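Chemist: Okay, here's what each chain looks like letter by letter:
There are 2 protein chains.
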Amino acid sequence: MKRREFVKTASLAALSATALAACEKQPLQHSPQAPALRANKTFKWKMVTAWPKNFPGLGTGANYLAETITAMSGGRLEVKVYGAGELVPAFEAFDAVSKGTAEMGHAGAYYWKGKSEATQFFTTVPFGLTSQETLGWLKFGGGQELWDELYAPFNLKPFPAGSTGVQMGGWFNKEINQIEDFKGLKMRMPGLGGEVLQRVGGTVVNLPGGELFQAMQNGTLDATEWVGPYNDLAFGLHKVGKYYYWPGWHEPGSIMECFVNQKALAGLPQDLAAIVTHAMDAAYEQMSAEFTARNNRALTTLLTKHKVQLRHFSKDILTTLAKISQEVIEEMIERDPFSKRVYQSYSQFRKESMQWNQIGELGYAQARALVF
Amino acid sequence: MKRREFVKTASLAALSATALAACEKQPLQHSPQAPALRANKTFKWKMVTAWPKNFPGLGTGANYLAETITAMSGGRLEVKVYGAGELVPAFEAFDAVSKGTAEMGHAGAYYWKGKSEATQFFTTVPFGLTSQETLGWLKFGGGQELWDELYAPFNLKPFPAGSTGVQMGGWFNKEINQIEDFKGLKMRMPGLGGEVLQRVGGTVVNLPGGELFQAMQNGTLDATEWVGPYNDLAFGLHKVGKYYYWPGWHEPGSIMECFVNQKALAGLPQDLAAIVTHAMDAAYEQMSAEFTARNNRALTTLLTKHKVQLRHFSKDILTTLAKISQEVIEEMIERDPFSKRVYQSYSQFRKESMQWNQIGELGYAQARALVF
Chain A
-4 MKRREFVKTA
6 SLAALSATAL
16 AACEKQPLQH
26 SPQAPALRAN
36 KTFKWKMVTA
46 WPKNFPGLGT
56 GANYLAETIT
66 AMSGGRLEVK
76 VYGAGELVPA
86 FEAFDAVSKG
96 TAEMGHAGAY
106 YWKGKSEATQ
116 FFTTVPFGLT
126 SQETLGWLKF
136 GGGQELWDEL
146 YAPFNLKPFP
156 AGSTGVQMGG
166 WFNKEINQIE
176 DFKGLKMRMP
186 GLGGEVLQRV
196 GGTVVNLPGG
206 ELFQAMQNGT
216 LDATEWVGPY
226 NDLAFGLHKV
236 GKYYYWPGWH
246 EPGSIMECFV
256 NQKALAGLPQ
266 DLAAIVTHAM
276 DAAYEQMSAE
286 FTARNNRALT
296 TLLTKHKVQL
306 RHFSKDILTT
316 LAKISQEVIE
326 EMIERDPFSK
336 RVYQSYSQFR
346 KESMQWNQIG
356 ELGYAQARAL
366 VF
Chain B
-4 MKRREFVKTA
6 SLAALSATAL
16 AACEKQPLQH
26 SPQAPALRAN
36 KTFKWKMVTA
46 WPKNFPGLGT
56 GANYLAETIT
66 AMSGGRLEVK
76 VYGAGELVPA
86 FEAFDAVSKG
96 TAEMGHAGAY
106 YWKGKSEATQ
116 FFTTVPFGLT
126 SQETLGWLKF
136 GGGQELWDEL
146 YAPFNLKPFP
156 AGSTGVQMGG
166 WFNKEINQIE
176 DFKGLKMRMP
186 GLGGEVLQRV
196 GGTVVNLPGG
206 ELFQAMQNGT
216 LDATEWVGPY
226 NDLAFGLHKV
236 GKYYYWPGWH
246 EPGSIMECFV
256 NQKALAGLPQ
266 DLAAIVTHAM
276 DAAYEQMSAE
286 FTARNNRALT
296 TLLTKHKVQL
306 RHFSKDILTT
316 LAKISQEVIE
326 EMIERDPFSK
336 RVYQSYSQFR
346 KESMQWNQIG
356 ELGYAQARAL
366 VF
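If you read the protein sequences in the order shown, they are chains A and B.
Note that the working numbering has the first sequence beginning at -4, numbered continuously upward.
Note that the working numbering has the second sequence beginning at -4, numbered continuously upward.
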């Protein structure tokens, strides 16, 4: 019951903040009178995001989170969402919330690898956990506690607030038949996957999602990954990329995060802190369902309407990429002690997951594929 | 944004209920004064369940849901959980909430196939959707609307409130090497899977989870499925079953439901109705993460500490079970028009899911299994 422990901790934090700010009229104990007192104070929060305003799945996922908090609080905590560039640029969301320019930020943790390499474990890891497994690790395998520790020095409390599920391998203007075909390729790929790409001779050009179409069009990029069928169709990447590769070895289950300014969170009454906390879970579930459902339909559209050419990375290519992924991670944990701690927890969970996955989800999916 | 539409509908329902019950002092519009007025009224709800009190995963999942609602409402809506038999027996939860004996019930929809065969689609279908896909169907594929329609005549509003993920094929006291080995087998298996079992000569004995250990011990059952490693270990089924079979063809992603008495839900102010609605999502996510994480560890314990013998249903057996599953469903939709409507929606979603799953989750899991 880790989550319950957090709610308790958040509540205690809220109580101590109140002791400092007497003007809040914060009730120190839950009592029948408490809700009415609390209800007198309302909050208006800003949420900055790394996504184009209302971008399908990611931007609308941030909107959904904000609306959920506003609805559950009966308007006592109103959250307004800002698209990338509206209040701050996409890649400045972390600093903006850390400094208190906004109270919340919605992004992917691997965007902040310049702050700490270990952030990358909290989005996705090449050949790592699926999204269902990552959530298991975060909530019941010690992952959340490590993430909290990593973000605490920045005055941030992180939450998983959505998932794209497994991603696609990306759009390429030439076929990738052997590992050498990555050489000289200018490709967008964030996180650890990008480091693997560099080791096989690619040039990583990291751009926010909103700039990918143009960069593919004007030759800044030869290849790009973004998310999967639903999101890639929304950006029109099938118009600028010839071959659509699977599987998404570099992003097997990407978690979207929402980080909250700790001081702002501690300033909320107990019930609003619980609402913020659990709204994250509700938004996570909603986004995960949306990507699952809409990837299905978008894939059909891409294949039948737009005649997209699907390609599969060969077993040899995947094996090489997996070996290099392992090297990249081992070097990282060698130079960064916090990454080492995270990796120990993550890889232990991965080991156990592999066994259950083989006879569970994978075992079933293979059985289902046998027949109809 | 189906979920948002529901919140809106629920709110409208709340408003019309208020018009009838003037004593509620329900504000007709959101205004700065509204929260304080609402806060004056508190609610105490009962949740009956089909699980032994505090049973790991399922019973504790119901507890988590109740605590989440209580915490987010600041105690304005307190939910008390009753284990199976405490207020009503496991399989009477549906009627109890329908009549208003309790406001909420936590169970599996397939337990109510005596009310309508179509309920079974809302837990799991043999060779059907995974849990991730089922949630996609419910929230973005029209499934929830059909479920709402099915439960409305019983004064109930259903929600997905958890998932066990893929289950196991069950515990058997003899090896199942050919389809004939099911003949004469007394086995517990609810839902459509149980009907398939009967077609291959088994005798279905459906008992609540809490009675399975004893029934296996005293010979009432020769075989039983329950959930998966985490829950099966909790009941000690490894002590009474010799072979542990995979995959769980009959329950590929079982959804746990929470149904709410419609009148009770409509009697809540807007913010509490939103809290109840979104708490379901938060509880869903929590349970899904818990089963994913704890199945991993429990499987390791079963295999290493208890030396459980894993067995895999052969390709021939699975193919036969899949064909019979299809027959069972076709006969059901022939005799039950509502099941036909649900199946049309479900099978369309399944068809699209298969394509994306092959290159997405399954495609990735196979790639990952190649290497380390």
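Quick caveat, the hints were computed from the structure, so don't treat them as lab data.
Please note: incorrect hints may appear among the correct ones.
Any copy, or any two copies together, can satisfy a pair, since identical chains are not distinguished.
[What the hints assert, rightly or not] Straight line, CA to CA, 30 Å or less: simulated BS3-like cross-link-like pairs of lysine-lysine: (1) 94 to 302; (2) 39 to 178; (3) 237 to 178; (4) 36 to 178; (5) 346 to 237; (6) 346 to 310.
Small disclaimer: the values here were computed from a predicted structure and weren't measured.
Chemist: All hints, please: hold or fail.
Modeler: Status of the hints after comparison with the structure:
In this homomeric assembly, residue 94 and residue 302 never come within 30 Å of each other (Cα to Cα): the closest approach is 47 Å inside a single copy and 54 Å across copies. Taking the closest pair of Cα atoms, residue 39 and residue 178 never come within 30 Å of each other, the shortest separation being 50 Å inside a single copy and 65 Å across copies. Taking identical chains as interchangeable, the C-alpha atoms of residue 237 and residue 178 lie at most 30 Å apart only when both belong to the same chain, with a minimum of 18 Å there against 54 Å between chains. For the identical chains of this complex, residue 36 and residue 178 are neighbours neither inside a copy (59 Å) nor across copies (67 Å), given an alpha-carbon limit of 30 Å.
With identical chains, the CA atoms of residue 346 and residue 237 are at most 30 Å apart between copies only, with a shortest distance of 26 Å across copies and 36 Å within one. Within a single copy, residue 346 and residue 310 get their C-alpha atoms as close as 21 Å, and across copies as close as 27 Å, so both meet the 30 Å cut-off.
In this structure, the earlier hints numbered 1, 2 and 4 are contradicted, and the remaining ones agree with it.
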